[in-house]
Amino acid sequence: MADLTGPPVLQAEIGLSLGRLDLELALEVAGGEVVALLGPNGAGKTTMLRAVAGLQPIDRGRISIGGTVVDDPVAGVLVPAHQRPIGVLFQDHRLFPRLSALDNVAFGLRARGRSRRAARVEAARWLARLGLQSHATARPAALSGGQAQRVALARALAVEPPLLLLDEPLAALDATSRMEVRDALAGDLGSFVGARVLVTHDPVEAVVLADRLVIVEGGRLVQAGTPEEVVARPRTRFVADLVGINLLHGTGVGTPQVRLPTGTEVTAPEAVAPGPVALTIRPQAVALHRERPEGSPRNAWPLRIRAVEVHGGRARVRLDGRVPLTAEVTAAAVDAMALRIGDEVWAAVKAVDVTVHRR
Amino acid sequence: MSLPRRAGTVRPPRAIAPLAALAVVFLLAPFVALLARAPWADLLDLVRTPLVRQALWLSARTSLGATALAVVLGVPLAWVLARARLPGRSLLRALVVLPMVLPPVVGGAALLFAFGRRGVVGGPLHDATGFLLPYSAWGVVVANAFVALPFLVLTVEAGLRGVDARYEEAAATLGADPWTVLRRVTLPALWPSLVTGAVLAWARALGEFGATVTFAGNLPGRTQTMPLAVYLALGTDRDAAVALSLVLVAVSLAVLVPLRHRWLT
Chain X
1 MADLTGPPVL
11 QAEIGLSLGR
21 LDLELALEVA
31 GGEVVALLGP
41 NGAGKTTMLR
51 AVAGLQPIDR
61 GRISIGGTVV
71 DDPVAGVLVP
81 AHQRPIGVLF
91 QDHRLFPRLS
101 ALDNVAFGLR
111 ARGRSRRAAR
121 VEAARWLARL
131 GLQSHATARP
141 AALSGGQAQR
151 VALARALAVE
161 PPLLLLDEPL
171 AALDATSRME
181 VRDALAGDLG
191 SFVGARVLVT
201 HDPVEAVVLA
211 DRLVIVEGGR
221 LVQAGTPEEV
231 VARPRTRFVA
241 DLVGINLLHG
251 TGVGTPQVRL
261 PTGTEVTAPE
271 AVAPGPVALT
281 IRPQAVALHR
291 ERPEGSPRNA
301 WPLRIRAVEV
311 HGGRARVRLD
321 GRVPLTAEVT
331 AAAVDAMALR
341 IGDEVWAAVK
351 AVDVTVHRR
Chain P
360 MSLPRRAGTV
370 RPPRAIAPLA
380 ALAVVFLLAP
390 FVALLARAPW
400 ADLLDLVRTP
410 LVRQALWLSA
420 RTSLGATALA
430 VVLGVPLAWV
440 LARARLPGRS
450 LLRALVVLPM
460 VLPPVVGGAA
470 LLFAFGRRGV
480 VGGPLHDATG
490 FLLPYSAWGV
500 VVANAFVALP
510 FLVLTVEAGL
520 RGVDARYEEA
530 AATLGADPWT
540 VLRRVTLPAL
550 WPSLVTGAVL
560 AWARALGEFG
570 ATVTFAGNLP
580 GRTQTMPLAV
590 YLALGTDRDA
600 AVALSLVLVA
610 VSLAVLVPLR
620 HRWLT
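In order, the protein sequences belong to chains X and P. Under my numbering, the first residue of the first sequence carries the number 1, and numbering increases by one thereafter. Under my numbering, the first residue of the second sequence carries the number 360, and numbering increases by one thereafter.
Just so you know, not all the hints are guaranteed correct.
What the hints assert, rightly or not - Listed next, with one range per pair, are the computed distances between beta-carbon atoms:
1) Pro73/X / Pro551/P: 38 to 44 Å
2) Val554/P / Glu180/X: 37 to 43 Å
3) Ser115/X / Pro435/P: 27 to 33 Å
4) Leu612/P / Pro73/X: 38 to 44 Å
5) Ser611/P / Pro73/X: 55 to 61 Å
6) Pro551/P / Arg129/X: 32 to 38 Å
7) Ser17/X / Val554/P: 39 to 45 Å
Hints in this document: simulated from the structure, not taken from any laboratory. None of these values were measured; they are calculated from a predicted model. Every residue gets a Cβ at the ideal spot worked out from N, C-alpha and C, and that includes glycine.
Chain P extracted, bound-state conformation:
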């Protein structure tokens, strides 16, 4: 890797340095405080408590489920956005980005109106099958997928634009049907974007709070994910809250590893 080059020889105004230093302190202080407050001696015991273990296990399942849902639905959507000649494509993209900028609580409320017991989709579904999304682990998955989907779609769409269609043409002239082209040419080239998009979506799903609590509630063992457990524990058991937070920090740092080429250059 080459050394970063200075972007010019003009020195920045002196006032910038203290402000930048302040920004670093601002970003770092919460983590330092968290680490300072950590009950290191009891940490393992705390992570083993039923509350923490349940939240951990539920978060793992629902965030991975949401990621899978985002991949299954998001890759075809990214495909359409990147490749199809489609009127109103910019409108469609705006719709995709919407959950990213929308307050998650509003997203959760909107999900209730759609998939709740009296929702436009949820009502008939409940009447027909008795199945109810809200206040279930599946509700957590749906809420997580809703907010995570844009991260996957936008990343994969950018990746698809980078996939060289010339290779797909070459494959077609060699007798490869569209499915074979997808499997052997497009997907291998798309793989890095797909992994990045999935990791981003997963990180977003893991940290999801607002939409989850609105749509799925806060039932320990059923819909109480890690972020909800942290929030709840702050009022009752601060040590548990810190322990849960440390687990999430560790996971977030681990997420940075596969994404380091994207941001840490």
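Just chain X, same shape as in the assembly:
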């Protein structure tokens, strides 16, 4: 669990101009906390991460890691990357192509002064911990994208950095392995005690993996808060579009039914192993009906309309009740159904539109 009482592991005020990017962003991360920097491509998220890692000096501001100033242009302080207590997981894994998986994981330990033998023993332990021991002798080219990414994670974690930076760790993977690796990563990171900063443009990745979201657009912070807060109350249209996703927390019980804290059950496409899970549902997958719907939808709840936001031809209908949901329908449907705030409507979601994520 996040230790939010201790001093922040990362304190960064970053001012940086790079090409067309003008970055002006402050970020604090507590020990054990997972913060997701979420924003469109080109928002400055990766540049921010590179500045923290020491791969990009800042123009203005100050970065401290674990209470030590590592970049302060006014004071003339710039600690190089190799002396910062960090680990980085790159989007393109960057495993050294000539080294085996084991030697890749051992690299950081060797660079930080372990003997070759001790580093290898330790590296083997990390690979085993992530269930990758059978790939120890494999070159990166022989690994699948997901395996390579997890070996890279083992490599970053092996030096036990107090601060782990993850730069779009899943973006380079194809859609199928992506979900698998996301769940695996969530599990791998579960026992990691350090602070984490996750850069992503994928809202599902952000809401599922992070304790706190920081939404970035054009080099500026637009909203920050827990995933639940941001999803429930996006402050701008931009944020609403970006995190336009329904996020529910619940508990698997070994059947397709997932129990929400309110006691309501949501039916998933297949049996969900017992334990805490997160559910995501796209707003477009939520259908609205005046009467109780018949037919295939396995999930249908009578909910109350809290807000209706019309933008062009589309409308977002925010619903309260046993399951807080946002539905996206056409503006024409809002007119045709005469939807008004306070009305009660039936919201229906097919089980196949419910995505389950391990927490």
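With the hints as your guide, set chain P onto chain X.
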């Protein structure tokens, strides 16, 4: 390896074929003549004569020494050219290429003015230590290195541009200091270019004539390398000249082996 694909279906004009054939004859005839003229029966004895053995041994030492010098000086220079943000970099590269296009005799003369007994560097050096580069084996090394350096620098620079800086970044975030990054990430990736550059430089140094004879003279046993010995022997002992030439041809063919991926595709 895949078969080479024809670069189109349009037939070349017929006049090309005889000219191409003539080019092949032009390239091949000297080698055939050399082989035909070779005193095969006496070859081993000829290679064992003091003149040939001295030249062979001197050439081996000086060309390898020149290669080592080119590597020690050339790799850092290639690094600067490839990586440093430097004003006037294109001028610097032009300077690097200069010994490649300069007539070697001019290079040798310029070396004399710099490192000769009255040269701007050589004068004070001689006054202080009594050491004199020209007409010594070290002079051969310097002359060879001067003409060989561009081959190494340009090859290694191209190689460095091909080394993916992303891996160096990854190594840095894992705690590797710049020296460790160089040793464990950059050099292994650079290795093929370094070998190619060194072999090219060595081949150039081995065949060097003009700068060597101008700067270091033609003293048997001291500065008379294989090419100089071939030239001299042509006037006195043709059989020895052919034998020496055959040795150099064999070495040149051997050089093509590590470089085959570069040219023989």
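C-beta pair valine 554/P, glutamate 180/X: status relative to the range 37 to 43 Å that was hinted: Roughly 42 Å apart at Cβ, these two residues keep to the hinted range, so it holds.
CB of serine 611/P to CB of proline 73/X, is that within 55 to 61 Å? holds (56 Å)
Does the beta carbon distance between serine 17/X and valine 554/P stay inside 39 to 45 Å, or does it fall outside? With Cβ atoms ~42 Å apart, the hint holds.
Does the Cβ-Cβ separation between proline 551/P and arginine 129/X fall within 32 to 38 Å? With a Cβ separation near 36 Å, proline 551/P and arginine 129/X satisfy 32 to 38 Å, so the hint holds.
Is the hinted range of 27 to 33 Å satisfied by the C-beta distance from serine 115/X to proline 435/P? holds (31 Å)
Can the suggested window of 38 to 44 Å be confirmed for the beta-carbon pair leucine 612/P and proline 73/X? violated (59 Å)
Is the gap between the beta carbons of proline 73/X and proline 551/P within 38 to 44 Å? holds (40 Å)
The structure shown violates just one earlier hint, number 4.
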